[in-house]
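Student: So you can see what is in the structure, the chains are spelled out below.
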Amino acid sequence: MTDEIRITIRAASDLVPARAEGRALAVRLGFSRPDPTLIATAISEIGRNIVMHAGSGEIVMRPVYEGNRYGMVVIAQDAGPGIRDVHAALEDGYAGRGGLGLGLPGARRLMDEFDIASDPDSGTTVTMRKWRTRDELERLREARRRR
Amino acid sequence: MTAVPPRFTSAYGSAFRGYLGGGSEASLHAAYELGREAVAGGLSVLHLAVAHQDALLVTLKEATHLGAAERIARAAGDFFLESLAAFEMIQRGFREAQEAAMLERRHAEMLRQLSTFLADASVAVNASESVEEMLRLVAEQARELIDAEWCAVTLTFAGERGPARAVAASTEAGWAAEPEGAEPRTYLPALSLVPDSGQTTRSPGGDVDSPEEGPGGGQLSAALTALDGREVGSLELSTAKRGSFSEVDEAVVRHLAQMISAAVERLGPYRHRC
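For the record, the sequence lines run as chains Y and H.
When you number the first sequence by this note's numbering, it's gap-free, plus one each residue, and the end is 147.
When you number the second sequence by this note's numbering, it's gap-free, plus one each residue, and the end is 274.
Isolated chain Y, as found in the complex (with noise of 0.2 Å):
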């Protein structure tokens, strides 16, 4: 059984469930408050874009894991014009929005890791990744769960 979920966005109301799966996910995996709410609010932030760049596209969310620690990655993927200047779409400022920290460069801030891969023909990718580490008591109670 796979673990990843999928919800399609076509307009700003997708981005509800969006958010309340990614949020889920993540107290699923045990992220404690706050983080919850900063991958929904980056999720918040990559389906926006969707909506207002492309029209639609995709939002992916699966749990990762990685020797000692484990997370959650969110691809957004859209099959839109794409980004002319990825790195000054990374900037605060681009596309009018004054500065403000929001959008693209808001999500990136909010997660661990952040990519994103632009073209015209192939629209534009955002994969998104926070991490927390296993401590050892953790460990311990994993091992013991599965005894």
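Derived from the structure by calculation, the hints contain no laboratory data.
Warning: the hint list may mix true and false statements.
With a cut-off of at most 25 Å between alpha-carbon atoms, the simulated SDA-like pairs for lysine to any residue come out as follows [unchecked claim]:
#	chain 1	residue 1	chain 2	residue 2
1	H	Lys241	Y	His87
2	H	Lys241	Y	Arg145
3	H	Lys241	H	Leu111
4	H	Lys241	Y	Asp85
5	H	Lys241	Y	Arg129
6	H	Lys241	H	Arg112
7	H	Lys241	H	Arg95
8	H	Lys61	H	Pro5
9	H	Lys241	H	Arg105
10	H	Lys241	H	Phe94
11	H	Lys241	Y	Arg33
12	H	Lys241	H	Leu145
13	H	Lys61	H	Ala11
14	H	Lys241	Y	Asp112
15	H	Lys241	Y	Phe114
16	H	Lys61	H	Gly77
17	H	Lys241	Y	Glu66
18	H	Lys61	H	Leu20
19	H	Lys241	Y	Ala89
20	H	Lys241	Y	Ile116
21	H	Lys241	Y	Trp131
22	H	Lys241	Y	Leu90
23	H	Lys241	Y	Ala117
24	H	Lys241	Y	Arg69
25	H	Lys61	H	Arg74
26	H	Lys241	H	Gly77
27	H	Lys61	H	Asp78
28	H	Lys241	Y	Asp115
29	H	Lys241	H	Glu144
30	H	Lys241	H	Glu96
31	H	Lys61	H	Gly13
32	H	Lys241	Y	Glu91
33	H	Lys241	Y	Thr127
34	H	Lys241	Y	Val86
35	H	Lys61	H	Ala73
Just a few of them, taken from the derived set where beta-carbon distance is under 10 Å, the chain H residues facing chain Y [what the hints assert, rightly or not]:
#	residue
36	Phe8
37	Glu25
38	Asp78
39	Leu81
40	Ala86
None of these values were measured; they are calculated from a predicted model.
Beta carbons are placed, not taken as given, at the ideal position from N, Cα and C, and that holds for glycine.
Starting from the known structure of chain Y, arrange chain H on it as the hints suggest.
Tutor: For chain H alone, coordinates are given in the frame of chain Y:
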């Protein structure tokens, strides 16, 4: 500070009541959007706190028992957290900008210090030791300024002293990339690596098997040129710690190369003869 706009207070109170009624993600999303609206409207986080407290007080008055009051208080915390998220993004952006400004100030100070050192007339007094000292300092300062793993400054001279070169590296890998058999470390055969004078070249990840180019991971180089346009050496950096060299790094390297070239001009006996 101005008072919280009544429209915002009303909207916040209404959204909070909505959350109390159902506890849904849609209500939390509304909280977030209100926070976003506050940021866009130039309200401060204190305005948001005032609106939140007003909404909380109104609803707490309606609590008939302790359990209900506790439920309201918990819900208020969740709702407030969501509304603050937009301010969190702004605050992190401000911190980033502060760090960038501090780094820029530090770089400007380093450039100023390097400029002062290079311009010091005493560099020309005892030329042999001064060349070594100058190159060593320049290599280390340049490496730190550009945040690179490795830096080499080379002067190409003909004559008694021969070529001169100094390398600075922050890691063993950086030092290990030096050509074997180079004794002493700061004096090595000069390399003719740099193309057109007065220009920088930037390349992405280099080949770690080409030690004469320094460790892999991006390279930046600039020629040192005499007043008459002849090349007198080179400034090379390799392996950006941040992952890659930027256009700003390129501009700084060009500036450094000009400063070093001017200092070399003042080294009298070491004027370029090649």
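Student: Indicate, hint by hint, whether the structure satisfies it.
Tutor: Here is how each hint holds up against the structure:
1. As the CA atoms of Lys241 (chain H) and His87 (chain Y) are separated by approximately 19 Å, the hinted pair is consistent with the 25 Å bound.
2. Of the pairs offered as hints, the one joining Lys241 (chain H) and Arg145 (chain Y) is violated, with about 42 Å between alpha carbons and a cut-off of 25 Å exceeded.
3. With a C-alpha separation of about 19 Å, the suggested pair Lys241 (chain H) and Leu111 (chain H) falls inside the 25 Å cut-off, and the hint holds.
4. Between Lys241 (chain H) and Asp85 (chain Y), the direct Cα distance comes to roughly 24 Å. Compliance with the 25 Å bound is thereby established for this hinted pair.
5. Restraint check: the Cα-Cα separation between Lys241 (chain H) and Arg129 (chain Y) comes to about 22 Å, which is no more than 25 Å; the hinted pair holds.
6. With a C-alpha separation of about 23 Å, the suggested pair Lys241 (chain H) and Arg112 (chain H) falls inside the 25 Å cut-off, and the hint holds.
7. Simply put, Lys241 (chain H) and Arg95 (chain H) have alpha-carbon atoms about 21 Å apart, close enough for the 25 Å limit, and the pair holds.
8. Under the criterion of a C-alpha separation no larger than 25 Å, the hint pairing Lys61 (chain H) with Pro5 (chain H) is consistent with the structure, at around 23 Å.
9. Distance hint between Lys241 (chain H) and Arg105 (chain H) is fulfilled; the C-alpha atoms sit about 19 Å from each other, no more than 25 Å.
10. A distance of roughly 23 Å separates the Cα atoms of Lys241 (chain H) and Phe94 (chain H); the hinted pair therefore holds under the 25 Å criterion.
11. About 33 Å separates the Cα atoms of Lys241 (chain H) and Arg33 (chain Y), which puts this hinted pair outside 25 Å; it is violated.
12. Restraint check for Lys241 (chain H) and Leu145 (chain H): the C-alpha separation of about 11 Å stays at or below 25 Å, so the hint holds.
13. Taken as a hint, the Lys61 (chain H) and Ala11 (chain H) pair is honoured in the structure, with Cα atoms around 19 Å apart against an allowance of 25 Å.
14. At most 25 Å may separate the alpha-carbon atoms for a hinted pair to count; Lys241 (chain H) and Asp112 (chain Y) meet this at roughly 18 Å.
15. For the suggested pair Lys241 (chain H) and Phe114 (chain Y), the alpha carbons sit about 18 Å apart, so the restraint of at most 25 Å is met.
16. Taking the CA atoms of Lys61 (chain H) and Gly77 (chain H), the gap is near 17 Å; set against the 25 Å cutoff, the hint holds.
17. Straight-line distance between C-alpha atoms of Lys241 (chain H) and Glu66 (chain Y) comes to about 23 Å, which keeps the hinted pair within the 25 Å bound.
18. For the proposed pair Lys61 (chain H) and Leu20 (chain H), the alpha carbon gap of about 14 Å is at most 25 Å, so the pair holds.
19. Among the hinted pairs, Lys241 (chain H) with Ala89 (chain Y) is consistent with the structure: their alpha-carbon atoms are about 23 Å apart, no more than 25 Å.
20. For the given pair, Lys241 (chain H) sits about 21 Å from Ile116 (chain Y) by alpha-carbon distance, which is consistent with the 25 Å threshold.
21. Restraint check: the Cα-Cα separation between Lys241 (chain H) and Trp131 (chain Y) comes to about 23 Å, which is no more than 25 Å; the hinted pair holds.
22. Between Lys241 (chain H) and Leu90 (chain Y) the CA atoms are separated by roughly 20 Å; this keeps the pair inside 25 Å, and the hint holds.
23. For the proposed pair Lys241 (chain H) and Ala117 (chain Y), the alpha carbon gap of about 22 Å is at most 25 Å, so the pair holds.
24. In summary, the hint linking Lys241 (chain H) to Arg69 (chain Y) is supported, as the alpha carbons are separated by about 24 Å, within the 25 Å threshold.
25. Distance restraint check for Lys61 (chain H) and Arg74 (chain H): the Cα-Cα separation of roughly 15 Å lies within the 25 Å cut-off, and the hinted pair is therefore satisfied.
26. Between Lys241 (chain H) and Gly77 (chain H) the alpha-carbon distance is near 41 Å, which puts this suggested pair outside the 25 Å criterion.
27. The hinted pair formed by Lys61 (chain H) and Asp78 (chain H) meets the criterion: a straight-line CA distance of about 19 Å does not exceed 25 Å.
28. For the given pair, Lys241 (chain H) sits about 18 Å from Asp115 (chain Y) by alpha-carbon distance, which is consistent with the 25 Å threshold.
29. This hinted pair checks out: Lys241 (chain H) and Glu144 (chain H) have alpha carbons roughly 10 Å apart, not beyond 25 Å.
30. Under the criterion of a C-alpha separation no larger than 25 Å, the hint pairing Lys241 (chain H) with Glu96 (chain H) is consistent with the structure, at around 18 Å.
31. Using a Cα cut-off of 25 Å, the hinted pair Lys61 (chain H) and Gly13 (chain H) holds, with the two alpha carbons roughly 14 Å apart.
32. With a C-alpha separation of about 21 Å, the suggested pairing of Lys241 (chain H) with Glu91 (chain Y) holds against the 25 Å cut-off.
33. Of the pairs offered as hints, the one joining Lys241 (chain H) and Thr127 (chain Y) holds, with about 23 Å between alpha carbons and a cut-off of 25 Å not exceeded.
34. In summary, the hint linking Lys241 (chain H) to Val86 (chain Y) is supported, as the alpha carbons are separated by about 22 Å, within the 25 Å threshold.
35. For the suggested pair Lys61 (chain H) and Ala73 (chain H), the alpha carbons sit about 12 Å apart, so the restraint of at most 25 Å is met.
36. For Phe8 (chain H), the suggested interface contact is broken, since its CB lies about 17 Å from the closest CB of chain Y, more than 10 Å.
37. Annotation: interface hint on Glu25 (chain H) holds; nearest CB of chain Y at approximately 4 Å, less than 10 Å.
38. The restraint placing Asp78 (chain H) at the interface with chain Y holds, with a minimum CB-CB distance near 8 Å, inside the 10 Å limit.
39. Given hint, Leu81 (chain H) at the interface with chain Y, holds; its Cβ is 5 Å from that chain's nearest Cβ, closer than 10 Å.
40. Among the interface hints, the one on Ala86 (chain H) holds; its C-beta lies about 6 Å from the nearest C-beta in chain Y, closer than the 10 Å criterion.
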